[in-house]
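**Q** What follows is each chain in one-letter form.
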Amino acid sequence: MISANTYIKPTSVSQAISLAAANPGNFSYLAGGTDLLVNKSQGNDHSAILIDLSEIAELKQVFANDVQLVIGAMVSLDELKTHPLITGHFPILCTAANSVASPTIRKTATLGGNLLCENRCSFYNQSEWWREAAGHCLKCNGSVCLATGGNKNCFSKFVSDTAIALISLHTSIEVVDVNGTTILPLESIYTGDGISPRQLAETAIITAICIPLNEGIRGVYKKLRKRETLDFTSLTTAVTLDKTGRIRIVLGGVHAKPVVVDGTKNNDPIALISQAISNTRIVDNDTYSRAYRKEMITVFLKRSLNEMQLF
Amino acid sequence: MQQISLKINGKFFHFLVDDHEMLSHVIREKAGLTGTKVGCRQGSCGACTVLLNNKAVLSCITPAVRCDKAEITTIEALAEHGKLHKLQEKFVQKGAVQCGFCTPGMVLTALSLVTTLSLKEGAASLIHQIKEGLSGNLCRCTGYTKVIEAVAEYALETCDPYFTKKAILANELKRAVGIPRPYLEAEKKVKGAAEYADDVISKNSLHCKFLRSVYPHALINAIDVQDALNLPGVHYVATGKELPVKFGVLPISQDETAMAVEKVRYIGEIVAAVAADTEEIAEAALRLIKISYHPLKAFLTIDESLNDAGENEKIHEYGKFNNNIHKKAELRFGDQQQGIRDAEVNTSMSFEFDGVNHGFTEPHAATASWDENGLTIITATQVPHYLHRALAKVMEIPLGRVRVIKPHLGGGFGGKSDPFPHEIIVAHLARKTGRPVRVCLSREEVFLTNHGRHPTKMTVSLGISRDGTMKVLDADMAIDGGAYGSFGVVTTYYNGVLLQAPYKLDNFGFRTYRVYTNKPQCGAMRGHGAVNSRFAVESLIDDLAIQIRMDPCELRMKNFLDSNTLTVGQYRITSNGSRESLEKVMEQSGWKARIGKMEKGKGLGVACGFFISGSALPIIWNELPQSVVHLKLDFDGRVLVTSGASDIGQGSDTMLAIIVSEVLGIGMDKIFVLAADTLLTPVDFGSYSSRVTFMAGNAAKDAAENLKKEILASVSKKHAVDSDELNLSDNRLFTHDKSLDLSWMEAVEILTAKRGAVCVSGKYISPKLGGDFKGAGAGLSPSYSFGACIAEVDVDMETGFVKVTNVWGAHDCGKALNPLAVEGQLEGSWHMGTGQAISEQMKYYKGLLFNNNFLEYKIPTTVDTPDIHANIIETIDPEGPFGAKEAGEGAIHPVIPAIANAVFNATGVRITRLPISAEEILEGIKKNK
Ligand SMILES: Cc1cc2nc3c(=O)[nH]c(=O)nc-3n(C[C@H](O)[C@H](O)[C@H](O)COP(=O)(O)OP(=O)(O)OC[C@H]3O[C@@H](n4cnc5c(N)ncnc54)[C@H](O)[C@@H]3O)c2cc1C
Ligand code: FES
Ligand code: FES
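Sequences listed follow chains C and R, in order.
Using my numbering, read the first sequence as starting at 1 and increasing by one per residue.
Using my numbering, read the second sequence as starting at 312 and increasing by one per residue.
Because the hints were derived from the structure by calculation, they are not lab data.
Among the hints, erroneous ones may be present.
Across the chosen pairs, the derived CB separations fall in these ranges [to be verified]:
| # | chain 1 | residue 1 | chain 2 | residue 2 | range |
| --- | --- | --- | --- | --- | --- |
| 1 | R | Ile857 | C | Asn306 | 32 to 38 Å |
| 2 | R | Asn365 | C | Lys294 | 42 to 48 Å |
| 3 | R | Asp619 | C | Gly142 | 33 to 39 Å |
| 4 | R | Leu530 | C | Lys152 | 30 to 36 Å |
Only part of the chain C face toward chain R is listed, based on derived beta-carbon distances under 10 Å [as the list claims (entries may be wrong)]:
| # | residue |
| --- | --- |
| 5 | Asn5 |
| 6 | Thr108 |
| 7 | Ser122 |
| 8 | Leu146 |
| 9 | Thr148 |
For each residue, glycine too, the CB sits at the ideal point set by N, CA and C.
Construct all of the structure, not just a fragment, from the sequences and the given hints.
**A** So this is what it looks like as structure tokens:
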């Protein structure tokens, strides 16, 4: 049991994928490890094989072409702010990245890893002993959701902060797996099922994050948390407007996936907000109460729209 | 397993490591570089920060194999050829090092931060950048104030006028008392060289892990340890029956066993312990232990425990009552009925407080071993003396066979002041296996061990006359003690009795209960007992001031007790700096000009407090002095101070040296302190109830005066001068007219001639104090500290989010023997109080602690901590050493209600539950509309 632990550091995406394909069900890709290794220490990840992506040079590039900005998945959150391309075009992404964890963690944590950061719940992010004492919840092979006191659905929160900002920027991701390369809208990989919140092939690697340029997007990002650093989100909001008048509202922390509402400047902002709220599935699995988080959606969105002079 | 090579601090190492082993483990356990600390193992405290190819990383979540061939810099590398790095120097000078446990991580984070700082935008921006940059590094001692100053000064390289305070470093000082100086061991700490309990690695030691109950209240039917014992690498598996003797810190609450015997009383209680070759094997063994439980009805709240319980449902059998009440206390003074008649304006409110935890950064750790002298345990404890007694009792060995050694300690705040099960268990395992046995608790286990502040419910009423004179105070309270007694009986009394000051009250009474519940036990925590009740009273005063349209500061001023007076419960008040404290913070905060004139959402609040300077009565009744200090002066001119006092990061070793230095007129470089080793050092009762400066300080002063007498007598005899003619100062011994003028060494030569080393002793015994009614002893102290805080808050009226922006505090510590240390204690207290006010709470799910880690137990970080403005008020206490009294605990009292009163001032919402929640503020705002 103890000897089975393995760590491998491939130098190319294809090598990483073949390693993964050879070890189904028993590996994890390791990016910064700042999410994975904490989950591992709590016994929420049992993969014996860690496939470290940190030596793959192709995953660390940042460049722009005519239509999009491409950020390699292994670019660290801290590095984002050093690229004028990113700070210049997408300050909302920098704000989001800077709201993740702590400055030291951001030096290690990657953008790709953040997009795939595991969903969270007060009943799940606990030690093995704790979860045994609580009587395992759905997300750790139990039979009911403890947060709701018996529901058969898992409501673990989607907590990636950069995903919320990126979706508001209409971002796509490049994914490579055994079958080749695919480009997908970022939001499409999130299932809304708290137990398995992402639908990517097991061997899939996010290689790049592609943000469209030339859309004249501006936006506002906000995050609710008890302390102004370190803490995971209790509610993340991003609101953007592009040059054609498209509005996009994205919420995190209030559903097992990001909540996305599209509209235009011509829509009634209140209606957009109501629509966003009605798409959430908030339960009491956070330091803030369910009712409060729900109430804050309106406050945050009104403020954001206000700051953008849309309200 | 893989073979890796690391270049750590310039030296090449080859290690065989597990593929999933963390870098912190390799650095500490394999490279032996224990300067890197581990506070949480989950990336949420920053203590383990090291540089990996010059980039700061958290070594507790960095796989070691990932670092193969990399360059790693740990704290040990910073000082070159023994000379501190400039940044380390700043940390030392500024007093940014208290317990020192966060320091290595803090220094390395700061080092990697400074290269990125922009100095162009001025001081405020610089401070902002530093706060932001250090926001992942938790410190529980300093309130970050001095850390930020140190980093800012380093960044500015030269002393910017923005920071004016100067630390004086020289050891050759004319006077010792009153000079701000870093702790004696600050250099060692900032270099990562100071050894804490888990750093002292005994050769050949086994590792211990615990199996903990998953039920809040259950009978143990059977425990099967056979499979665990059969696992290769396991040396012993112990269960509760082997250690049946009960213990507890108070003689009246000996209700705990090292491991559960027959029944468990909280989720997390230890039921079995394994000693094995490695931590991993010990953990694997735990999974092989089979226990069958018979669950009992669990009592989880105060209300449940106040109700009658069936005979088999009682948490403890021994209680007098047919319920789970542990202790009731009631005291009445004056005539409350008359008081109510005299009061023209009354207010009454009910309050509820969640439990909070000490949150020290160093987890409990201990190593025990046995040899021809009996048991030796090296452990993170605040009270070696009581642990000494408990170990002798439970191990059933004579007191003379127990040696407790406290190494450097990473913060206590009351949470390391009971004898703990893990200490007793490793002693037992070491005896059974014949090997040293070590244990280091995980952060989750630290939270389960708890002993934090009691969850509390209370209803308090206060009546005043129209002119603002306090007429009557009544309090009715209940505290949730958790599963065992701990200090609880004292807490029960303190809740009430510590309301009889700082205001004059002729008619005062209280009734209090402590109940047992099936949760981790509560005990003593900074400000012990009175923090929550102080909050209540200060909130009521605020309310009454508004009712009679009087400035709340004025109302308080009007009611302060004087100096040299007795309280209604016969506390002897000597020095009293209440007024000066309040005046100071009013002036500094601009109170008069600003109060009532601030925009909605912004507000100021005020509160006052007081606290004991050591309990006048010992915990275990005996005739020993409260503290004894020995001094030895030998031919080399060095004075060795030995004391049982436990330096837990508050600076008591330095305090002892300062006092001896002052009395003998010699430099600190001639003084060496050896403390907290029950074999080598005379008894001091320990670091609790803010007693050390007062009691051990007085004992040290007494000892130094005795030594001085010896020196003067020998010189007087040799040179035929009158002793009264002789002075000791500035490292010299001279007559008034300087006709005789000897160096210290010459004097020492005279003293030690034909005699050798001279040993003297000094002691402190508290005077007889107090009344002769039952309960009169609670809260008696030879002296009391006083203080005041004004807090400023900025409340978001739409979200209810409270940002505490400023705390102005003043604290009467009698005399600041070391102003740098006193400021550090005050800043730390106000930081901790801010935490209890706005974010800290222990949350339970069916008796199971939810937030058992530093991510979910929300200690304020640099960016959540207000700007703290500390003021020392000196009143020169007649009995304190050089006039000193306590500064470590009392300061926390006023800050919490000051913040809540500021929230009221900002929003019109009265806070009656802690922590203050955004939800409730919003509700309140809506109601007021
Ligand atoms: C104290 C603390 C506070 C935190 N606060 C926040 C917060 O506020 N907000 C937040 O969002 N997160 C937070 N985190 C979590 C974490 O730090 C971030 O989510 C981080 O961005 C994760 O990135 P990583 O590179 O470390 O991912 P990893 O932990 O390495 O990986 C995360 C997951 O993604 C997979 N993965 C990573 N990269 C790829 C890829 N390219 N292709 C396919 N799969 C991949 C991994 O297998 C793993 O399942 C916090 C963590 C800690 C310890
Ligand atoms: S020990 Fe690594 S962050 Fe706390
Ligand atoms: S000095 Fe920072 S935790 Fe003690």
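**Q** Run every hint past the structure and note whether it holds.
**A** How the hints compare with the structure:
1. Separation of Ile857(R) from Asn306(C) is about 34 Å and conforms to the stated range, judged on CB atoms against 32 to 38 Å.
2. A beta carbon spacing of about 45 Å between Asn365(R) and Lys294(C) agrees with the range 42 to 48 Å that was offered as a hint.
3. The hinted range of 33 to 39 Å is satisfied by Asp619(R) and Gly142(C), whose Cβ atoms lie roughly 35 Å apart.
4. Our hint of 30 to 36 Å for Leu530(R) and Lys152(C) holds, since their Cβ atoms are close to 33 Å apart.
5. Hint status for Asn5(C): holds, given a least beta-carbon distance of 4 Å to chain R, under 10 Å.
6. With 10 Å as the threshold, the beta carbon of Thr108(C) comes within range of chain R, its nearest partner Cβ sitting at about 6 Å, so the hint holds.
7. Because the smallest distance between the Cβ of Ser122(C) and any Cβ of chain R comes to about 6 Å, under 10 Å, the interface hint for this residue holds.
8. Given the 10 Å rule on beta carbons, the hint for Leu146(C) holds: about 8 Å separates it from the nearest Cβ of chain R.
9. Residue-level restraint check for Thr148(C) is violated (minimum Cβ-Cβ distance to chain R is 13 Å; threshold 10 Å).
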